[in-house]
Every structure is written in C-alpha cells, then in structure tokens.
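J.: Sequence:
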Amino acid sequence: MGLKRLDKLIALNCNVSRKEARTLIKDAAVTVNGRCVLRAEELVDVEVDDIDVKGYNFTAKEHIYIMLNKPQGVISATNDPRKETVIDIIPPELKRRSLFPCGRLDRDTTGLLIITDDGALAHRIMSPSHHVYKTYEAVLKAPISNSDIALLESGITLADGTECLPAKVRAFTVGGAPAAEIKIKEGKYHQVKRMFAALGNHVEHLRRTRIGALHLGPDLAEGDCRELTAEELALVFTDE
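Add 224 to a position in the sequence shown, counting from 1, and you land on the number used in my numbering.
Hints are all accurate, no fakes.
In the DSS-like style, the derived pairs of lysine-lysine whose C-alpha atoms are separated by at most 25 Å in a straight line are: (1) K417 to K307; (2) K392 to K409; (3) K243 to K232; (4) K392 to K417; (5) K228 to K319.
Simulated from the structure, these hints should not be mistaken for lab results.
Produce the entire structure from the sequences given, and follow the hints as far as they go.
T.: What follows is the structure, given as structure tokens:
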C-alpha cells in the first residue's frame, strides 16, 4: 500500500471526516511511532508505522474486511430510517464511514455476510463472471427428489422466465426436517427461495454458510462480527 497521508488514514481508520482528522492532528492528539505529529499531510508508511489517536492505537489499513453472522430482522443496507441495518450492528471499533455489505441477504435470512469499504473486492465477490460460489443451507417444506436436484444443477428457470446458472445441490436433514445445501454464483433477488418455489417447494429458513471456501465458524454467534485476516479473505476466491 506504501505511503499515505496521515489525515486520510485517520479518517479511514477512526470513522471521522478528513476535517475532523485534521483537527485531531492540529490539537496534538496524534502520535506516529510515539512522536507527536502536527502536519496533516505527513506521509505514513502503513506497513510499518504505529499510529495513536487519543489512546486508540492502530496500524493503518486502507481497507477493512469484516465477517458478520447476520441475524434475522436486520436488512442488508447501509442506512434506513425505519429498520435496523447490518451497518448499525457493527461495533464502533470496526466502523468506518464508507462501510457497505457485499451483496445482500434477505431480512429473514441469516448467516455469512462480508462488510467492507473495498468496492473492487465487493465487485469480485458479487459478479457471476468471477465464479465465487455462495453456499446456503435451506430448510424446506418438503424433501427434494433426485429429479429436483437435476433441474437445479442444469440451470432452473424461475416463474418469471429468469434463467439461473447451474447450481450445486446436496439433500440432507436438519433435526428431522428436509433440507438442502445449495451453491450458486449469482445473487438475484430472493434467488434461492425462488429456485425452490419453481420446484413447487418452500424455503422455511435460509442461512448462508460459506462464500468461496470461507466458512462461517461456529464460534461466531448471530449478530456478532470480527475482522477477517488476509488468509481468510483469500479463501473467498477459492472453491472447495
């Protein structure tokens, strides 16, 4: 990432505006490697330098990548005047001004959602041309047959005529209830629910468990989140 302006990095990492960052620097509230810095245009080596803002210490990063276990009832949006959003539940220590969800999960869908401020990475994840599979576990009203699986894996046509790319499907049960694991590369509106509806079935509950080879671990409760490591982020672009 190289050298970056100090005021820009503080704005990115401390959820403040550039103007507020410059005020913090002017007020002698910022140190770099233990040295008080009063110049907003000071260049910082983000691979090496240690920055402290009013006791908050961080190594500067241009982008942040957060794994969220999305709970029910929260919408996949950056802001909404009436409903709680996935950005609302990100803790202050991880928040930045330009965070957004990579794609969307329906309000009643739970599971893995990546929150970031990196538009290029989000495009790679969401665009079908990059072949990033998203894996879901769907609890169903009725069991799926081998012929149902064959239809889904050959590319099913939805009720409105929309054609889906071929999926990867495995039938199983959850607590005795019929279920299916389905892997898709697209993210059409209500796609998984509509795919099973095209078979005459109904999704009772939907949970996303993986993006690429990145798993939603059992240690992350619904509503909780944590920052991804570089190694974990690389798994997004690896298929199992």
